[in-house]
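Chemist: Taken in order, these protein sequences are the chains called F and B. Sequential numbering of the first sequence, starting at 590, is according to our numbering. Sequential numbering of the second sequence, starting at 3, is according to our numbering.
Rather than coming from a laboratory, the hints here were simulated on the basis of the structure. Among the hints, a few may not be true.
Said to hold, decoys possible - When the alpha-carbon atoms are kept at most 16 Å apart in a straight line, the in silico EDC-like pairs for lysine to aspartate or glutamate are as follows:
1) 388/B <-> 314/B
2) 630/F <-> 370/B
3) 403/B <-> 591/F
4) 593/F <-> 115/B
5) 403/B <-> 594/F
6) 610/F <-> 651/F
7) 340/B <-> 651/F
8) 403/B <-> 602/F
9) 399/B <-> 353/B
10) 37/B <-> 295/B
11) 593/F <-> 354/B
12) 605/F <-> 649/F
13) 593/F <-> 352/B
14) 159/B <-> 115/B
15) 642/F <-> 615/F
16) 630/F <-> 649/F
17) 306/B <-> 115/B
18) 22/B <-> 591/F
19) 400/B <-> 594/F
20) 400/B <-> 591/F
21) 299/B <-> 211/B
22) 618/F <-> 645/F
23) 142/B <-> 111/B
24) 691/F <-> 701/F
25) 400/B <-> 354/B
26) 403/B <-> 649/F
Stated by the list, open to error - Which stretches of chain F does chain B cover? Using the computed rule of at least three CB atoms under 8 Å from a CB of chain B, they are:
27) 595-605
28) 713-720
Where is the CB? At the ideal position from N, CA and C, for every residue including glycine.
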Amino acid sequence: MDIKELYQEIILDHGKNPRNKNICKDFNKDAKGHNPLCGDKVHIFLKLNNEKKLEDISFEGEGCAISMASASIMTEIIKGKQFNIAKKIQEDFLNMIKEGSKLNMNSLSDIENMTMMSLSGVKRFPMRVKCATLAWHTFVEAVEGNKKIVNTEN
Amino acid sequence: MDTKEIKLKFPIFKNKVNGKELVYLDSANSSQKPKTVIDRISKFYSKEFSNVGRSVHSLAVTATNRFEETRDLVQRYVNAKSREEIIFTKNATEAINLVASTYGEKFIESGDEILITELEHHANYVPWHFIREKKGAIIKFAKCNDRGEVDIDEIKKLITNKTKIIAVTHISNVTGAIMPIKKIVDLASQKKIPVLVDGCQGAPHIKVDMQELGCDFYAISCHKMYGPTGVGILYAKKKWLDILPPYQGGGGMIEEVKKDNITFPGSPTKYEAGTLQTAEIVGFSESIKFIEDVGIKNIMKHEKEILEYGLEKIKKNNSVKVVGEPKNRGSIISFTIKGIHPHDIATILDEDGVAIRAGHHCCQILHDKMGLAASARASLGIYNSKEDIDILSNAIKKCNKIFNN
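Build out the structure end to end from the sequences listed, making use of the hints.
Modeler: Right, dumping it as structure tokens:
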């Protein structure tokens, strides 16, 4: 396959100009993700209100274009959504990256769908799957987990 | 050097990678294997296999002889004084752990100092960390300078009456800096401090002579020497092997076992517990023969030529920054490209059949020091040619193009 299927414009754009890359104000949940094999690091911050709505989400970190773009895309898509919906999007995303299944979320707009689909090329690069999934695992860990550190190798 | 002919000796180069000819630039990580090595393992299992050093039947005698012949070849290759100074381990990591554990156990006490450098691979730091934890010892790091090398004066400065061992790499696996081992040994010997050398990047690429270097311990990784995985070598001066305790206990390393006492034989038997990677060790004999056939001087000359060509070519690309500028450099070029993460570089290069490594190369201390999270590394072997460098250089330009810089 062509390498450009992996490095699509949209990914390069998010990689270079990541959205929501900061520490969001009044965050009440956070978790760190680390891929010790390649050094990708991500720290997710989010503000979850009493109705379990993701009022705000942001991230900090460093890593390859795939990991940074994936984190940026994730924050853009799940910001403002209910956690249970965001979690379904996450599961859908993981299935797309790992199994190659199509996205089947009705709650996503066409643009959101297309943005997430831009990462589907990662599936054909097994060594890069963890780069794409790190932020998404870390986001769920921030809400549900108790260890607060996601390590791709544990 | 006719690298086309050399490549023919390595079956891996018959395969295409992503539809392209393989340009293998990851030999510092692990080298490819000549057919003679691969065939030797197969022949050993087909015709000569038995466990070594135990039974008395014919196969056992043959297998033992083949196994011990490798030891003789290694002794000759590194010019050790005696064959008893050559110990087979599972890798260079185990070789260093063996020394850290046995020497550390016997000679390092609370407050004693272990002197290493900021260039070290984790394999020459973590084992000493264990001794630091266990004994309350101190690890001192000789600083690496802007050129990515460690100055001899840096080491001199840190030697004290408490220094119990100096453990240094022969060649940095990141910056390629060749360390002045002889000078370090001279300094250390004035205070009777033993020196361990991590020779992983040394033994496959430059002449290594134990009697000339004078170091006390030298660790070798056979799979980086065109040999099989699962085999490492510890060279150790006999005077140490005679007084250090055994490392692992088990079959094959005992003299007499009684309910109330166990005695141990001399080296190398004392340090080779259990059944080793027999076939791989026999196979490794062909790696040494291969290197000796090509000639280490020819290897050095050829790799230097490719290295210089590579450095010149890569530096022409303004977005590329080479990591380190050591005065004496082994066959390694680590680099970064502005605005592109090393893992993205490695993936894009792979599309063109170019295999490099990206990451911290098991040298986090060094990368932290240089303010890098990771770097890309092209490392040479005997099979690399100027065309390989040209393909690498073009693939780097492709990275620039994809990332628009």
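Chemist: Tell me the numbers of any earlier hints that the structure contravenes, in ascending order.
Modeler: Per hint list: 4, 17, 26 violated.
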